[in-house]
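Construct the complete structure from the given sequences, taking the supplied hints into account.
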Amino acid sequence: MNSLPSDIDRYSGPAIALHWLIALLIVCGFYIGWIMTDIPGFTPTKLKYFSWHKWIGVTVFVLAVARVLWRATHRAPALQTALPTWQKAAAHLVHGVLYLLMLAIPLSGYLYSSAAGIQVVYLGIVPLPTLIGPDQALKATLRTVHVLLNYTLLALVAMHVLAALKHQFVDRDGLLARMIPLLK
1 MNSLPSDIDR YSGPAIALHW LIALLIVCGF YIGWIMTDIP GFTPTKLKYF
51 SWHKWIGVTV FVLAVARVLW RATHRAPALQ TALPTWQKAA AHLVHGVLYL
101 LMLAIPLSGY LYSSAAGIQV VYLGIVPLPT LIGPDQALKA TLRTVHVLLN
151 YTLLALVAMH VLAALKHQFV DRDGLLARMI PLLK
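The letter at position 42 of the sequence shown is residue 42 when you use the UniProt record's numbering, and the numbering goes up by one with no holes.
If you're looking for bench data, these hints aren't it; they were derived computationally from the structure.
Hints may contain errors.
Derived Cβ-Cβ restraints for the label pairs, each shown as a range [unchecked claim]: (1) Val161 / Leu47: 16 to 24 angstroms; (2) Met159 / Thr81: 17 to 25 angstroms; (3) Lys88 / Thr45: 43 to 51 angstroms; (4) Pro129 / Pro77: 19 to 27 angstroms.
Cut-off 25 angstroms, straight-line C-alpha distance, at most; resulting in silico cross-link-like pairs (SDA-like, lysine to any residue) [to be verified]: (5) Lys46 / Lys166; (6) Lys88 / Ser12; (7) Lys139 / Lys166; (8) Lys88 / Lys166; (9) Lys46 / Leu111; (10) Lys46 / His160; (11) Lys139 / His95; (12) Lys88 / Cys28; (13) Lys166 / Val147; (14) Lys46 / Leu176; (15) Lys166 / Leu18; (16) Lys46 / Gln136.
C-beta atoms are modelled at their ideal positions from N, C-alpha and C, and glycine is treated no differently.
Rendered as structure tokens:
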């Protein structure tokens, strides 16, 4: 059972803020996406939820780009505990796929809207360019891709959270304190 010294190497403030803001937005976007697809017909409520879902997706995409740029220019904190090679490899793989999904899911949703012939207007103010024209076959494919990517993200986030909890409560190695500064 390892414990970290009081001066553990933590993620930077911007990295922590981006992590938790993106996580919160993803949870909200997934929840709204789940609800909106169960509303029958095209009601004002359903259209409002679709708009919110798209706005969240665009925001996640922009913040994920910022996060990738931040990560590319700032090192991750050094691990203060020895992990087996397979755990390090798994962590790197999962983190890499999470970054990829944070970019691919909003992009697939954006392309899905374009293929459906619906322009995305960010926050109801900024019309975003339509990248592809309406195409019913492509729309169906992109919808499937968007849904599958979201469920893949859900599974990986669950693994990520379970691994963090294992480190905190089973290994007691303080790894979670790198991303939650108030945690000791």
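Which hints from the list above does the structure break, by number from lowest to highest?
Numbers 1, 4, 5, 7, 10, 11, 12, 13, 14, in rising order.
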